[in-house]
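Participant: Position chain R relative to chain Y; hints supplied.
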Amino acid sequence: MNFRVNKTGVNEIKNNMLIKTVIFYTALFFLPGILSAEKLQIVTTTEDLKYFAEQIADNHAEVTSLVRGNEDPHFVLPRPDYIMKLNRADVFIQVGLDLEEGWAPGLIRQSKNKKIQLNAPGFCDASRGARILQIPQRRVSRLQGDIHAQGNPHYWTDPLNAVIAARNIRDTLIQIDSKNSDAYRKNFTNFSNRMKNLTLTLKRQYSAEGKFSVAVFHSEFIYLSNRFGFDIAVTLEEKPGVPPSASYLKKTVEIIKRKNIKVILISPSNNPRYAQTVARETGAKVILMPISVGSEDKIKTYEDSQKEMARRLLKDVK
Amino acid sequence: MKIKLVFILCLTAIPAFIPLSAQETGNEESIENLFNQESSRDVGDQDIDRLQNSRRSFLPDINAAVDIVGRWDKEKNRDQIDRGRILIKDPEEAMAEKIEEWETPPVHATENKAVIRGAEIGFAGDIDQIGRGVVTLGVHEDEGETVMDLEEAFFLFPVTPIPRTSFKLGKFFYDAGRINRIHPHDWNFTDAPAVHRELLSDKNAGDVGIEASFLFPWSFWQELTVGVFNGHSVGHPPHQHEEEKEDSEEWIALENTLREELGLPLREPEVEMHDEEADSLQTRQNPLITVHLKQFFSFGKNWGTQFGFTYMRWHPGSEKHKVTHQSGIDFAVRWNRGRLRSFIWQSEIWYRETRDKAEHPWEEADPVETRAGAYTLFEYQFHQNWSAGIRFDGYHNPNYRGESGYFVSDAETEAQVLITWKPSEFSKFRFTGGQKRRYLYNDIDNTMSLQAVFIIGSHPQHQY
Numbered sequence: 001m002n003f004r005v006n007k008t009g010v011n012e013i014k015n016n017m018l019i020k021t022v023i024f025y026t027a028l029f030f031l032p033g034i035l036s037a038e039k040l041q042i043v044t045t046t047e048d049l050k051y052f053a054e055q056i057a058d059n060h061a062e063v064t065s066l067v068r069g070n071e072d073p074h075f076v077l078p079r080p081d082y083i084m085k086l087n088r089a090d091v092f093i094q095v096g097l098d099l100e101e102g103w104a105p106g107l108i109r110q111s112k113n114k115k116i117q118l119n120a121p122g123f124c125d126a127s128r129g130a131r132i133l134q135i136p137q138r139r140v141s142r143l144q145g146d147i148h149a150q151g152n153p154h155y156w157t158d159p160l161n162a163v164i165a166a167r168n169i170r171d172t173l174i175q176i177d178s179k180n181s182d183a184y185r186k187n188f189t190n191f192s193n194r195m196k197n198l199t200l201t202l203k204r205q206y207s208a209e210g211k212f213s214v215a216v217f218h219s220e221f222i223y224l225s226n227r228f229g230f231d232i233a234v235t236l237e238e239k240p241g242v243p244p245s246a247s248y249l250k251k252t253v254e255i256i257k258r259k260n261i262k263v264i265l266i267s268p269s270n271n272p273r274y275a276q277t278v279a280r281e282t283g284a285k286v287i288l289m290p291i292s293v294g295s296e297d298k299i300k301t302y303e304d305s306q307k308e309m310a311r312r313l314l315k316d317v318k
Numbered sequence: 001m002k003i004k005l006v007f008i009l010c011l012t013a014i015p016a017f018i019p020l021s022a023q024e025t026g027n028e029e030s031i032e033n034l035f036n037q038e039s040s041r042d043v044g045d046q047d048i049d050r051l052q053n054s055r056r057s058f059l060p061d062i063n064a065a066v067d068i069v070g071r072w073d074k075e076k077n078r079d080q081i082d083r084g085r086i087l088i089k090d091p092e093e094a095m096a097e098k099i100e101e102w103e104t105p106p107v108h109a110t111e112n113k114a115v116i117r118g119a120e121i122g123f124a125g126d127i128d129q130i131g132r133g134v135v136t137l138g139v140h141e142d143e144g145e146t147v148m149d150l151e152e153a154f155f156l157f158p159v160t161p162i163p164r165t166s167f168k169l170g171k172f173f174y175d176a177g178r179i180n181r182i183h184p185h186d187w188n189f190t191d192a193p194a195v196h197r198e199l200l201s202d203k204n205a206g207d208v209g210i211e212a213s214f215l216f217p218w219s220f221w222q223e224l225t226v227g228v229f230n231g232h233s234v235g236h237p238p239h240q241h242e243e244e245k246e247d248s249e250e251w252i253a254l255e256n257t258l259r260e261e262l263g264l265p266l267r268e269p270e271v272e273m274h275d276e277e278a279d280s281l282q283t284r285q286n287p288l289i290t291v292h293l294k295q296f297f298s299f300g301k302n303w304g305t306q307f308g309f310t311y312m313r314w315h316p317g318s319e320k321h322k323v324t325h326q327s328g329i330d331f332a333v334r335w336n337r338g339r340l341r342s343f344i345w346q347s348e349i350w351y352r353e354t355r356d357k358a359e360h361p362w363e364e365a366d367p368v369e370t371r372a373g374a375y376t377l378f379e380y381q382f383h384q385n386w387s388a389g390i391r392f393d394g395y396h397n398p399n400y401r402g403e404s405g406y407f408v409s410d411a412e413t414e415a416q417v418l419i420t421w422k423p424s425e426f427s428k429f430r431f432t433g434g435q436k437r438r439y440l441y442n443d444i445d446n447t448m449s450l451q452a453v454f455i456i457g458s459h460p461q462h463q464y
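Respectively, the protein sequence lines represent chains Y and R. Here the first sequence is numbered in our numbering, starting from 1 and rising by one per residue. Here the second sequence is numbered in our numbering, starting from 1 and rising by one per residue.
Rather than coming from a laboratory, the hints here were simulated on the basis of the structure. Note that the structure is a prediction, hence the values are computed from the model and not measured. There are no misleading hints in this set.
DSSO-like cross-link-like pairs, simulated, lysine-lysine; straight-line CA separation at most 30 Å: (1) R/K422 - Y/K239; (2) R/K428 - Y/K239; (3) Y/K85 - R/K294; (4) Y/K250 - R/K428.
Quick look at which bits of chain R chain Y covers, simulated, 3 or more residues with Cβ under 8 Å: (5) 161-168; (6) 219-232; (7) 299-308; (8) 335-348; (9) 412-426.
Distance ranges between label pairs, derived from CB positions: (10) R/I130 - Y/V22: 22 to 28 Å; (11) R/L137 - Y/G106: 20 to 26 Å; (12) Y/D316 - R/F378: 38 to 44 Å; (13) R/H232 - Y/A120: 35 to 41 Å.
Glycine is no exception: its CB is placed at the ideal position from the N, C-alpha and C atoms.
Just chain Y, same shape as in the assembly:
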């Protein structure tokens, strides 16, 4: 069989190919936009922020967290799949205070998503307006370890700051999705009331134990102690983020013995070895605190985290 294709036919085939190619690449560019659901896509750095965002957005958004609850948000290996999540995000929420400084800014740039670039409407720094503790009053230096120049970034462990973070999320969502602003306002009010009641309940429980002191591994329970009125007598880390030396641990053992401290608080991302060593020397008990949502399988909500921390701490503190 002979197939004869004249010049016009060849051109037609070429044109068809060109059209198909253009359609394919156009579809490739705009496919995510076409396929994306109507729900807002929110990406948070931590599970706690994810929980706050879920409470405010309710069924108007899908929320994803980059860091799991048992991971250390200071040091995160920036996996490329985070870039994909950020690429599709309408809103990005970070803890702020330079907690994510080592990994989040680069990922945001690589996301190629203009909606969540720094100070874009979809960029939310949840620390805005938060009541920050341990703000350095003098010039900071790396001699002090992984110190944060803007203050201790673990502010979300105070329910009042959880409300402030949620308020920032509410304001961002209203700006991005104004048609659901009433729902966001209403959800925020409910969340705020829940946090207030939680705080009052826990405050009564903590107060019932009277004054007590604890030791901690990393300075991440300062907001909890400030809110519920207990004392942190000693930190096992001599400098934040730096493993303690043997001589410093010896000093902490003396302090714990002298002050008759019964518990050493650690979080899931801490190395438990140091606390266990000190506990053996002093007889204090190491308590693993579920400091974040998702830090343990059963810690599904912020309330779970707060209640469980109170339960574990108050059980052994006296």
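Facilitator: Using the frame of chain Y, we list chain R on its own:
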């Protein structure tokens, strides 16, 4: 009336001056007030000031990285090492000197001392609403002189009107393989693997050009990067210039005296590159094209793998009829448990083929030169600050013609053991012990090196 007003204002202002801790550990009523106050509060200007007074200001991020490396090895007789290193002016004098050196003085395969391998000063910051600027100056010692290089200087447009596409414009390292874009002080090892050194550069290969990076809209991460560069500097690692020196007229004369004695055909003097030809190398329109397709998959909560395919094409030297194609596969498999434990297996495999252009379009040209090599690294971080690893290198140039004019096996293998102490993200100290075998000279070098790196300034960006 005015006094009353001032009094009321003072009363309302009092809570603002009460210390925070006094407010926050108060009774139930004050807790309720705090929550009610924060629930209805609008963010004040003081918070905006706090954010703007931080690093997110107009000042660029500045950092300086210093890389100190000391290498040592066991002394050897000169006839055991690369004889081509000796640059001799007068053949007769050289021959006498050479014989004397072969007989007596021991030499080293490394510098046998510590040097500042490089100091980098980097600036990065947002230029305006569309782009970001990055400038990296490198300072290093070259034969006793301090030399400053512009390592990188480029625009980065992270967001463009083309969806999911970013651009780079200026001088920067090619997106080729895994380690080429990472500055040497951030590598998981001290020295470049042999294949990287021979087929890209002993540090980072880069040039002036433009690069587009496209993120595919799949559910998994896949990115395609295409770059076009001047192509003037690729494929010429620094030691090649040294080799050019070694093949000077004096050396060829000395070699020919040996050839005469052995009855071998004499070597023709090499034709020097004329200035015009050298100029054409710098001005010719033969761009380097790079393509890197990379993807990432995670498995389990803590495991992930990133792998990529690189293709590069350019015209080597001044011979326009020659085309070099270089392909590579790179991958990394990683596991980590926070910052406390981690594991990485990373590898790169490269193959280069240079062909003369075929006389007719339907003919396929024969390869005139091929080179290939690979390295693989296993590293386990067994403590927050400590890690240990092993690296294996292999490189082969099957087209190398030896002094006799015949093909000889130009291959190199190396095994290294690495121990790294990283007190923080801003400093590290590394010991490397290695054994390198160079088949061309039937030579084995046992070497050790110590590396110390520190970074001052802004927080270094983590890499996957």
